[in-house]
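Chemist: Listed below, chain by chain, are the residues.
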Amino acid sequence: MQKLKNSLIYCSISLAVVGGMYVGSAKNTEAAVIAAQIVYGGQSNVQHAIIGNIGYGFAQKMPPGISGNFGSYTVRGNFGLTGTPSNEIGLHIDECLYSDYTSCSVVRNYYGDTVHTGTRHGFYHIPVSSTEDFYTITIDPIYGDQTPFIFNASKYYIMIVEVANEGVYDDDWYVNGASSALLCSLPNVNTFTDCGGLGTTFYDLEDTPTFTPPISDTTTHFISLSPQNGTTTATTSSVGALIYANGNDFPNYGRLHVHFTQDSAFACQNSGAVYDAVYTCAGSNAPADPIDLDLSTSTADRLIAGTYNLAENITFPAGGNWTGTYEIQQVSTPWYYLGLFNSYNTLVATTTHFTIGQLSPMDMIRAAVASSSAAFASTTQHGIGAILASTTASLATACNPFTFSSNFNLGDCLTLVIWPGQQAISDDFTIIQNTPPWGYVFRVIDLLSATTSSSSMPQIDYTFATDSPMSVMGDIHFDPFGEIASAGTLVNEMTSDRSDHATVWTILMPVVNVFVYLILAFMIIHDLTGIHSHAGNSKPRRDDITAKK
Amino acid sequence: MIFEIIMYGIIVLSDFFGRFLPGYGEVPLKLPWGVDDYVALGINGYKVLAQSFPPMQTILNAFLIYIGFRIAIQLLKAVPILGRTLQ
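Protein chains in written order, with my numbering: chain U, 259 to 807; chain E, 229 to 315.
Hints are not guaranteed to be accurate.
Partial selection, computed: residues in chain E whose CB lies under 7 Å from chain U [as the list claims (entries may be wrong)]: (1) E232; (2) I234; (3) G237; (4) F244; (5) G246.
Label-pair distances were calculated between CB atoms; the ranges are [stated by the list, open to error]: (6) E/F231 / U/G669: 14 to 24 Å; (7) E/Y266 / U/S482: 51 to 61 Å; (8) E/D243 / U/V675: 20 to 30 Å.
Quick partial rundown of chain U residues pointing at chain E, CB under 10 Å, derived from the structure [as the list claims (entries may be wrong)]: (9) R701; (10) W763; (11) L766; (12) M767.
In case anyone wonders, no lab produced these hints; they're calculated from the structure. Here the structure is a predicted model, which means the values were calculated and not measured. Using N, Cα and C, we set each Cβ at its ideal position, and we do this for glycine too.
My request is simple: use the sequences and hints to build the entire structure.
Modeler: In structure tokens, the structure reads:
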């Protein structure tokens, strides 16, 4: 008999080098926009309302949620730049239909008073020698024939502060065009400081307006992705993202965009069917071209923070599981308009996994098998999926020619010869589980798999008699096994002095486990190799001697 | 197809022999002659021990693994070629 000898297995330990992740700081571009705030009731919590130069003034996108009368606004800046007799500030309010601040129209103007002197109603007359300071402009509610403006909480507003030279235009606010006449007519948004040093604009909403900022996270981030993670979408799907862009993240020269890349490597690695995996990995499901969704190409909107919905319909080259990678990138270069020498700085990145349904032939076959609603199935004819999903179609019944009335179906029979009826097999297995003699085995397994115990170990309970002096101490209840077990207070109170404060069992159990399982391993090796008490004895065993004879 | 036919055969045989065994038709099926209760008590005792004394859980698990190993070895030995190789 051949003896098996123990051998030592030397395991080599490979060291894994853990690389550190370099965290680069975000590119510190000098922002051409500055945050503005709504001021009311001592609060200033609209941090995401951003102003930017739109060519003839400074615009601030106001989020929805503002209600109440508009009573006054405050502008902070230095407007005495040109030395002209005086400068004036006006305001007009645009109301927008959509959350991306498009389809806007002017709903109220607070400028254009032709009265050169006297009471100013809709605008503010700024002294020539003014320095940078706050200027509060109170809106006269009965100005002209206008009624007090009331914000609608569901609307999106753009408030535009305009600065003009009174000496040139004699109080007539010039809004559109003729930019040379306006102090803030600077198409280059990066030089807003030349515009008289207009600083932060404050809109003071009076009459106790209520306002709930809808967006608390003012960093550039993804709000939602399309396709959504874990969903199945059509072959031609809208790919994009709803993002919030902080104004400070817009590069001086360049743009902000969402870079979307996709690949089907996930499908290649995890496809359930071999033929589909081969089909996928063979290259038919090659990754589609990346998609760049520019935030905007217009000069004005580039610099205004807010919520942007960027999407594009694309047709995926193949079905299956896909991985999409979304990145919000700063694309900046002095050569931006030529598209040359772009540098890409990724601000935020995230990934999503989604399934594109039914495009490749294999995907169509798989879908037809998996679902009765596939193209192969119809209401009058069994599809493969319908057969598999059916509770009645089985090989034994579909192929039985003696049940012409309802069960016999030659198509089902031939199909089931190739494709096993999953539902029928599942039903059969349930019968086996509940029927002796095999049911006895499954019953034992059921009992073994019970996770809770219906009884407990003995405990000590003692109730003192009322005439006993100990009765004032109350009853005695002691659970010795509970104290020993991990849930016991006694064990939990005996903790380590080290920072982890490990309990007794936390410290001891690894040792106990190693000890017990070492014994188990030794016993198994003992049984396999036949090690006996005389192992190591150099004398030949009796059966060996017999064999030699 | 073959698998389904085998399943069908097992069901037919089980149905035939099962009718002569106690517990046929019971839902859920229980082990006969009170064995079900005894097994449940034994399992319960194991659970109580395991929950009351943490090392006991390891010991009982190791014991079950060993019993399973011995049963598996006996089954493998019953395979003609494999059993001879093991021996």
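Chemist: Each hint should be assessed against the structure and marked as holding or not.
Modeler: Right, here's what the structure says about each hint:
1. E232: Hint holds; E/E232 Cβ to chain U Cβ min 5 Å, cut 7 Å.
2. I234: Since the shortest Cβ distance to chain U is 10 Å, the answer is violated.
3. G237: For E/G237, the interface hint is violated, since the closest Cβ of chain U sits about 10 Å away, which is over 7 Å.
4. F244: 10 Å, violated
5. G246: 4 Å, holds
6. E/F231 / U/G669: 14 to 24 Å: 21 Å Cβ-Cβ, so the 14 to 24 Å window holds.
7. E/Y266 / U/S482: 51 to 61 Å: About 58 Å separates the Cβ atoms of E/Y266 and U/S482, which means 51 to 61 Å holds.
8. E/D243 / U/V675: 20 to 30 Å: This hint holds: roughly 24 Å between Cβ atoms.
9. R701: With a minimum Cβ separation of about 5 Å from chain E (threshold 10 Å), the hint on U/R701 holds.
10. W763: With a minimum Cβ separation of about 5 Å from chain E (threshold 10 Å), the hint on U/W763 holds.
11. L766: Hint holds; U/L766 Cβ to chain E Cβ min 8 Å, cut 10 Å.
12. M767: 6 Å, holds
Violated hints, listed in ascending order, are 2, 3 and 4; each of the other numbered hints is respected by the structure.
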